[in-house]
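Work out the full structure, taking the sequences as your base and the hints as a guide.
Residue numbering for the sequence shown follows the working numbering, beginning at 102 and increasing consecutively.
In case anyone wonders, no lab produced these hints; they're calculated from the structure.
Fair warning: there could be bad hints in the mix.
To be verified - Below 30 angstroms or equal to it, Euclidean Cα-Cα: the simulated BS3-like pairs (lysine-lysine) are: (1) 590 - 400; (2) 400 - 600; (3) 329 - 342; (4) 466 - 590; (5) 198 - 312; (6) 312 - 334; (7) 564 - 148; (8) 590 - 600; (9) 466 - 312; (10) 466 - 400; (11) 281 - 559; (12) 342 - 564; (13) 590 - 312; (14) 329 - 470; (15) 342 - 470; (16) 588 - 147; (17) 466 - 600; (18) 590 - 147; (19) 559 - 148; (20) 342 - 600; (21) 198 - 329; (22) 147 - 281; (23) 198 - 334.
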Amino acid sequence: MDTKSWFKDLTPYFVYILLVSTIGPLLFGFHLAEFNAPQSVITCEKKSISSAVVPSLPQCIPMDSTQFGLVSSIFTLGGLLGALSAGPLSARYGRYKSMLFSTIPFVVGPIFEVLATDIPLMTIGRFISGLGAGASVVIAPIFISEVAPPHEKGFFGAFTQIMINMGIFIAQLLGLFLSKGSLWRIILAAGGAIGAVQAVGLFLGGQESPKWLADHGKERQAKRVLRKLRGHKANIDDEVKGWGVESSQDMEDEEDSLLSNQDRMPAGGIEQSGPSSNASASKKTKEAFEALGALAVLKNPDSRPAVIAVVVIMIGQQLCGINSIVMYGVSLLSDLLSANAALLNVLVAVLNIVVTTSCAPLTDKLGRKACLLASIFGMGVSSLLLTIGIMRHIPILSAITVLTFVASFGLGLGPVPFILSSELVGPDAVGATQSWALAANWIATFVVAQFFPIVNEKLGGGKVYFIFAAFAAFLAGFVFWAVPETKGKSDADEVWGRKPGRAVD
Numbered sequence: 102m103d104t105k106s107w108f109k110d111l112t113p114y115f116v117y118i119l120l121v122s123t124i125g126p127l128l129f130g131f132h133l134a135e136f137n138a139p140q141s142v143i144t145c146e147k148k149s150i151s152s153a154v155v156p157s158l159p160q161c162i163p164m165d166s167t168q169f170g171l172v173s174s175i176f177t178l179g180g181l182l183g184a185l186s187a188g189p190l191s192a193r194y195g196r197y198k199s200m201l202f203s204t205i206p207f208v209v210g211p212i213f214e215v216l217a218t219d220i221p222l223m224t225i226g227r228f229i230s231g232l233g234a235g236a237s238v239v240i241a242p243i244f245i246s247e248v249a250p251p252h253e254k255g256f257f258g259a260f261t262q263i264m265i266n267m268g269i270f271i272a273q274l275l276g277l278f279l280s281k282g283s284l285w286r287i288i289l290a291a292g293g294a295i296g297a298v299q300a301v302g303l304f305l306g307g308q309e310s311p312k313w314l315a316d317h318g319k320e321r322q323a324k325r326v327l328r329k330l331r332g333h334k335a336n337i338d339d340e341v342k343g344w345g346v347e348s349s350q351d352m353e354d355e356e357d358s359l360l361s362n363q364d365r366m367p368a369g370g371i372e373q374s375g376p377s378s379n380a381s382a383s384k385k386t387k388e389a390f391e392a393l394g395a396l397a398v399l400k401n402p403d404s405r406p407a408v409i410a411v412v413v414i415m416i417g418q419q420l421c422g423i424n425s426i427v428m429y430g431v432s433l434l435s436d437l438l439s440a441n442a443a444l445l446n447v448l449v450a451v452l453n454i455v456v457t458t459s460c461a462p463l464t465d466k467l468g469r470k471a472c473l474l475a476s477i478f479g480m481g482v483s484s485l486l487l488t489i490g491i492m493r494h495i496p497i498l499s500a501i502t503v504l505t506f507v508a509s510f511g512l513g514l515g516p517v518p519f520i521l522s523s524e525l526v527g528p529d530a531v532g533a534t535q536s537w538a539l540a541a542n543w544i545a546t547f548v549v550a551q552f553f554p555i556v557n558e559k560l561g562g563g564k565v566y567f568i569f570a571a572f573a574a575f576l577a578g579f580v581f582w583a584v585p586e587t588k589g590k591s592d593a594d595e596v597w598g599r600k601p602g603r604a605v606d
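Okay, structure coming up:
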């Protein structure tokens with residue numbers, strides 16, 4: 102089926118659900134970049150004469166590089182906590198309820214940030230916003246994979262990363278115009294407004310994932326939601342069978358049988374499956390495989406190499422320095438590019454969206470490993486050239502290498518690590534491996550967010566990018582020798598060259 106054909110078949114309701122659910126990842130990108138452009142104004146490094154947004158609030162909050170690094174990086178610690186708790190909560194209470202709950206910190210956090218008069222209040226606001234961001238980047242991809250048409254899961258899976266980049270772009274664009282006086286508070290308020298839009302959108306038109314409903318014995322309700330997502334004329338039998346339950350027609354026959362036997366529905370109209378179907382569905386789910394815990398995947402000789410590979414790649418993704426540009430790019434280049442530094446960061450955000458969208462199919466064509474190595478090589482070379490550009494005061498070289506740095510990230514190191522976290526292990530180890538991956542990624546993000554402004558100030562002249570180049574060299578060697586290709590492989594046994602179903606100690 103060609104692209105135009107399946108795009109035409111998408112229902113308005115599916116598009117609505119897709120957009121509303123990915124506002125969470127958009128806000129993750131927004132909060133990641135919201136301090137970039139207005140950093141010098143927020144920290145009182147630059148002051149201007151302008152009317153206050155709120156007269157009772159100070160124009161700025163005095164901070165040195167260490168304090169600003171803490172305020173920026175605390176967002177990632179909130180993100181780590183939100184990410185680690187989101188998986189179990191969404192599995193138990195559902196994707197929809199978990200997403201709706203995650204909008205609360207998206208609204209409350211910015212309120213603290215906008216009204217902050219000192220560092221502690223701003224830090225609390227950033228931490229609360231991080232809780233919502235961490236939860237959303239876990240729940241939204243799961244939800245999208247469960248509501249997307251089966252043959253287009255890859256395309257819509259990339260939509261999460263695209264929306265993250267869109268959030269970065271919105272923050273950079275607002276920063277370009279509002280980084281003066283106390284107008285920076287409007288940037289932070291915009292984050293809260295977007296969070297409120299998601300809350301209203303989910304509340305008014307949200308639905309639970311049909312896959313989650315089916316896994317929890319609510320097959321009839323799952324079928325009804327799926328029918329709404331696909332359209333009344335769509336054939337949903339194959340998807341229903343993929344849940345491991347009866348086909349669409351069988352379920353209709355069962356409904357008729359149950360209704361004829363006066364199967365009751367509660368007054369609120371919420372459907373309930375019969376106990377036998379609930380039990381059988383639960384039994385099928387539990388018997389499919391016994392999930393390994395976080396420590397068990399490290400002890401298991403089959404999953405241990407995969408966990409190590411995923412953790413190293415996730416750490417490397419951050420230690421190659423991408424968030425040094427996303428979070429601190431304007432202050433880094435302000436001396437060299439003056440007023441054009443903020444504009445360059447807007448262009449970087451646009452490039453990030455274009456590259457992520459256009460390069461999404463390359464992982465299937467060239468392979469995960471090839472895209473990773475090309476990406477790491479490009480970032481490493483760009484880091485070296487950026488250092489030279491800053492040290493020698495060559496604005497054009499610095500500007501070009503920032504663009505190639507970000508473009509290289511979008512080629513592979515941006516999307517591929519999240520793909521590998523599920524492809525390098527079997528279904529029994531996916532959950533635990535992704536927990537390790539998330540923890541590694543958020544901790545590494547915290548390290549860069551906290552220490553980049555400090556190290557950059559101490560070393561001066563952009564020399565910190567020598568460190569990022571060294572990390573890129575190490576990561577390239579690790580990927581080349583220790584990470585197998587997963588393209589075209591049916592399962593983890595084939596990826597690692599093992600005999601299927603072999604016993605492990």
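Verification of the hints:
1. 590 - 400: Judged against 30 angstroms, a Cα distance of about 24 angstroms means the pair holds.
2. 400 - 600: holds, 19 angstroms
3. 329 - 342: OK: residue 329 and residue 342 at ~17 angstroms, within 30 angstroms.
4. 466 - 590: holds, 13 angstroms
5. 198 - 312: OK: residue 198 and residue 312 at ~14 angstroms, within 30 angstroms.
6. 312 - 334: The hint holds at about 20 angstroms.
7. 564 - 148: The given pair, whose Cα atoms are some 28 angstroms apart, holds under the 30 angstroms limit.
8. 590 - 600: holds, 14 angstroms
9. 466 - 312: Holds, at about 29 angstroms.
10. 466 - 400: violated, 34 angstroms
11. 281 - 559: Holds: residue 281 and residue 559 sit about 27 angstroms apart, inside 30 angstroms.
12. 342 - 564: Distance of about 57 angstroms is beyond 30 angstroms: violated.
13. 590 - 312: holds, 25 angstroms
14. 329 - 470: violated, 39 angstroms
15. 342 - 470: Given that 30 angstroms is the threshold and the Cα spacing comes to 33 angstroms, the pair is violated.
16. 588 - 147: violated, 51 angstroms
17. 466 - 600: Roughly 26 angstroms separates the two Cα atoms, so the pair holds.
18. 590 - 147: Measuring from Cα to Cα gives roughly 55 angstroms; hence the hint is violated.
19. 559 - 148: holds, 24 angstroms
20. 342 - 600: Distance of about 29 angstroms is within 30 angstroms: holds.
21. 198 - 329: holds, 19 angstroms
22. 147 - 281: holds, 8 angstroms
23. 198 - 334: Distance ~28 angstroms between residue 198 and residue 334 Cα, so the pair holds.
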